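Undergrad: Here's the letter readout for the chains.
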Amino acid sequence: MSFRNYKDKVDEGDTVILYLSNNLYAIDVKTEVKNKKGETIENVFQTPFGALKVRNLIGIQYGSRIELSKGWGHILQPTPEMWSLTLPHRTQIIYTPDISMILFQLDLVPGCVVIEAGTGSGSLTHALIRRVRPEGHVYTFDFHEHRSKIAREEFEAHDVADFVTAQHRDIIRDGFSEELNGKADAVFLDLPSPWLGISHAVKAIKEQGGRFCSFSPCIEQVQRTCLVLQENGFQDINTMEILQRELKVTKRTIPVRDLSFLKHKSSESPVEEKPSGDTSYVVAARPVSTPGHTGFLTVATLPPAFARSKAKKTKTEDSEDTDTSNVTHGDR
Amino acid sequence: MSFRNYKDKVDEGDTVILYLSNNLYAIDVKTEVKNKKGETIENVFQTPFGALKVRNLIGIQYGSRIELSKGWGHILQPTPEMWSLTLPHRTQIIYTPDISMILFQLDLVPGCVVIEAGTGSGSLTHALIRRVRPEGHVYTFDFHEHRSKIAREEFEAHDVADFVTAQHRDIIRDGFSEELNGKADAVFLDLPSPWLGISHAVKAIKEQGGRFCSFSPCIEQVQRTCLVLQENGFQDINTMEILQRELKVTKRTIPVRDLSFLKHKSSESPVEEKPSGDTSYVVAARPVSTPGHTGFLTVATLPPAFARSKAKKTKTEDSEDTDTSNVTHGDR
Amino acid sequence: MLTGKVSKMSDNMIKIGDYIVIQKQNFKKLHKYNKPNSTITVGRDSINLNGIEGCRYFSTFKMISKSNKKAREYTVELTDEVVNLKDEIEIKLSGSDNRNIVDDGLSQKLTAAEIEDLKNDANRASDIIESLITNSNTFHNKTEFSQEKYLKKKEKKYFEYLQILKPNLRTIAEIMYKLEPGKVQNLRIDTLSQIITTVNIYCEGNHLLYDSGSNGLVAAALLSSIGQNTNGRLVHMHPGNMSQKQALLAMNFPEEQLKRCISVNVYSALRQFYQGCDTNSNENIKEIPITESNQLKRKLVENDNEPRRKIAKPDEEVSEPVIDELKENSNKGDPKIPKWHFDNIYAAQILEKKLDSLVITCKEDPQNIFLELVNFIKPGRPFVIYYNVSEPLQNLYLALKSQSNVAALKLTSNWMRNYQVLPERTRPDVIMNGASGYLLSGYVLK
Amino acid sequence: MLTGKVSKMSDNMIKIGDYIVIQKQNFKKLHKYNKPNSTITVGRDSINLNGIEGCRYFSTFKMISKSNKKAREYTVELTDEVVNLKDEIEIKLSGSDNRNIVDDGLSQKLTAAEIEDLKNDANRASDIIESLITNSNTFHNKTEFSQEKYLKKKEKKYFEYLQILKPNLRTIAEIMYKLEPGKVQNLRIDTLSQIITTVNIYCEGNHLLYDSGSNGLVAAALLSSIGQNTNGRLVHMHPGNMSQKQALLAMNFPEEQLKRCISVNVYSALRQFYQGCDTNSNENIKEIPITESNQLKRKLVENDNEPRRKIAKPDEEVSEPVIDELKENSNKGDPKIPKWHFDNIYAAQILEKKLDSLVITCKEDPQNIFLELVNFIKPGRPFVIYYNVSEPLQNLYLALKSQSNVAALKLTSNWMRNYQVLPERTRPDVIMNGASGYLLSGYVLK
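Protein chains in written order, with full-length UniProt numbering: chain C, 1 to 332; chain V, 1 to 332; chain W, 1 to 446; chain U, 1 to 446.
FYI, nobody ran anything at the bench for these hints, they're computed from the structure.
Just so you know, nobody snuck in bad clues.
Just the calculated beta-carbon pair ranges, DEER-fashion:
1. V/A26 to U/S402: 25 to 35 Å
2. W/S46 to V/N23: 34 to 44 Å
3. W/N405 to U/S38: 49 to 59 Å
4. U/S402 to C/K9: 57 to 67 Å
5. U/G43 to C/N22: 28 to 38 Å
6. V/S260 to C/V33: 41 to 51 Å
Since we're looking at a predicted model, the values are computed, not measured.
By construction, the Cβ of each residue, glycine as well, lies at the ideal position given by its N, Cα and C atoms.
Work the whole structure out from these sequences, hints included.
TA: This is the structure in structure tokens:
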């Protein structure tokens, strides 16, 4: 229940984040769980620093230190950002640097209605919910029935189900539901063939216009999407990529090698041919291995109905590029 | 004549680099020039810091400071790197970060035979010559007759013509000349349609195999090139991008704002509500505006003849991507 | 289920007093539309906006030359259709490459003077360009690509349409950054967007911002995410007498929302908190009359049982503009007590209860400021500090590492790339912005 | 006109004593092929190389299981044809997306034990994988993309071919960096390639390198660009008794070329230069006998009129390996005087005449080392200093800015991105290397 509003203390039913030596773990605060045999047993969470009786978390203040047999950790209240780092992966997920830009580019503020397809593991969905509450709403669709079901259960468990409707639906084939026509401020697509969802997006966006964003790992998807956006009267079409890089800060001591003494004959005792001392720097080292690509974000504005230009077909010689109905794409 | 070997002093006929307050200028050391009327006059080079009588450069040591009426500069002997920064642009040119990687990826060492198309403004050509001399050779082609001629004249003037053959030739249409068959260690293409030059590259590369590199600004060119490389039996096909970023180092003084005094009632005299002091950091600032893209480098190995796999056609459904004979591309 | 923002029709009309965005091709400009016939400058053109009032946002206007085109003075006229040069000008011939083109500066047969006359006489940009093409020796030998490039360039020069957009966080942040990144501490949109998510801003809670260099951009971003008609509040601390609020005002926030951004001088607010009075002078202290408006404010903060009622008379040097800007929101009951006194009290009351997030975007060394303000943040809550170079944050990182009151310290920087996506010409933009600034983030511990 | 490198046929044959590169799919490994039946380890496989001697470089070998496959011991057999899994396995059915696939861990009907048996019994990787597919419930519902991904993964696991390549700078630099970037100071290929061009290395001239952490990679790069049968020379200074030369040796340079890399201890060479003797001890000094070999060396350096002939007896602690490694090149005339004595004299003579470039790739703070060695560089010549983090170079930058003996100071770092180029799946690689190190470059002034 800890996803809804900030709270001071841990209650039963909360999901909490255990921060332990640079790692995050999400823990459901349930005093008891069922074991493999179906028996109800005490809920004990195993950490690298020793076992944690989950019951003991109840009532402690968020931000508190908790002692483990081989060390200690801290209990934090989950945010969508922490959730992205701890959630169970059912698909590839979108992380905070992209999520931040998606929220920004979709012009989302509390009160907006936003459509998302597909739901995936719900990483972005949590961030969308946070941004549009309390009066706005998120409609999220996934063509994978099981995934959609799990997402719904998660939203219930996180006490944010009021703000989100998660449906199993192949929106490429079936479109968003009729009742959404003209209701959305923004549409986000993370689909293998996003360009096939654009006409549905146009239907769903409000008469006063709205924003569109598509997340695609490959450039071919972007190329098709941009063409179809243009044909559908979108303006300000932009494609971008965001990479966040973490810098490792340390105090580094490095040797100093004096060579100047060699200019003069040394005294009887030989000078050691070793570094003559140390100096230290506060260094920010860039990581050897770092995310190199997540996906391209293609964003665009659908103007209000009165200002939409008639859908223009691009010139004939380009048409092969847009005739993509027979291209099949798998899940990423 | 100063492009061939290192020298100590400036001679007449040299090209020298004037380094002036972070700017580089290439100057041909000729004591006299013709003016617009065809009259021979003293050669005076105008700089932002005052006029420079070119005659006075003769005999001075490279690395020397020269005085100008409003300041001073330094005279350096040109390297291919400095030349890239000062040469007259006749086309878009390739700069040192890409040039360095091209030389590296082509496995070039003194003695190699390398083919380049097109010559362009000769930026890369100078670096190729330096790397393969004294026994190697550069063959460079351009379909633009005038450009090819100017390049030839430049190589003569720079005293490196022994190491390079610059020809006007449309190598896509006509291939490299017959006499180059099986002679090259490496082939470099900077052409609007590089994939159309690959079969010619295969012919030109030695029986013992060699390396290939193509520089293209757009991803569509890369996609076609990679497919055709694969069809032609190349291995280790890689596409990469290099961006060099300059960091601006300065000592930056920033204010320190003390707020702790507010915890206590102050004495009669009010404390000023201003920064309480300064601190300074040696900072390396990243530039606001920096090259964001030059081109994609696609590199590959052509194995020795005995180890080349038979040219495999890719599957039929991909063939539309490679049927590109009717695609026209302009100059970049 | 379907609720969402109910937007009034009038919200979509251009009104006097609105901040508006003028878009001409890719160029965007922010403008306060103060009076019906206000004039803006776009490039070298001077454009009178008379007639846009009451039109819908997103409308397109054609620029009409006032007298001759040389003067570059225009009025505007609502239009339905934007003419695309490429659609108007039919190109019959293209070369297959540029091999035969020698750039000798002689390819255009028209003289400069003739072109100038053409510009003054022609009605439409397409007419000018058509003439230029007809009189070019080389245009028809150029490749289709080069021709398009040429048209794009000319279109940019002669494009004669404007669009009026409603500002929002995205457009304001882009415009301010593009105009002069130094004025917003190089705070690029990717980094700005991450500040908002990193500290988990949403419609509830109390959030603390110390900003001394973003011209109100960070406050605008946070308040925008807190939303209209919600309970969230932002305490916006700043040094100096006046907060920078350009971006905040440009958002056209309704009064209700803008009021929940409590802008206070950092010294006054902290003095109010620690000493119960917000000026350093001990003279002229008097009881605050409990007016309706400040009582209302006090009710928002529950359990307020502090006897901090003493506030000083306004210092004569204190900024008029702030007061002016927010005059309507301030207590009309007692004209002698400026609004900022109540703001300081209000802020101190919120500080008392501690806040849910901390954002620092400063020009000063962040260390002192962070160490002071982190005390007001509840345990378990996130913070983020922005600085435009990394070194001060590296220092602070090490200082905080040696303490035990923060967790999950992370220093990050971003890299953002824009793409040109066009058939056969897809590639990253050739110029990118290399300076995104740095974020140091973490969580406050108990 | 057509000259070029004349390569002997024998250069293209795998010989005992060569360093060789073993490539298995994308994995490359460097190996000194010391004896005909030497064994290498690739992943968990142990492979005996018996039989590769005399084969041409670029040949492909099939891995043959020695006994049962569990032991993971292989011999190799020259082969003509590499089998591509995708060409062998015909896939009849693909789903259009993965919507119906639930990953419950139950999709493979074969048990782990059955798969293990299969691996031991099957002759070819394609047989194993065909069985896996046939027994999978979900494979044929997967999309073509997912199927290909699956095959790629399996191919990697069961791929049974090796290729033997001839090492060169590119492969050596890639292998060393990939294996352990820390062992080459994080010197990535883009940065390495720029070191070579920045200091304008070519076949002529004398070049100075101080390297204390690249395992010979920088020396290999510079000597490679100086070339075979040319006049260029590299003075390669290092701290400690022994130079790191792994990469230098792996290049299989001919003796003539390797000799022009004069590797010297920085202290000894500088002492020789300044004091005319290369050890600090004053005992046991004797005249060097003028042997044929050291006279030859002295001739290379013209105008040598310095009376620096005194050298000391070898210090007993001095590394045997260096001497051993280069024994054949050293003066056979007088076994009592180790080669390094002559190298120090030779280096001092070159220093005397000053050099044409300076490269520093050190683990120490670069400032002292640069300030000392820059004195040996001719005016107008380039220098470059590599360091794996920027802060020491920032410091040095400021120090040099305040002096007037260098021009065009520039601190740079690189960013390199690799791409996956495949039909419908073109994108940058999802993991990139963020640490390229930093270069501080400039020109020496008079």
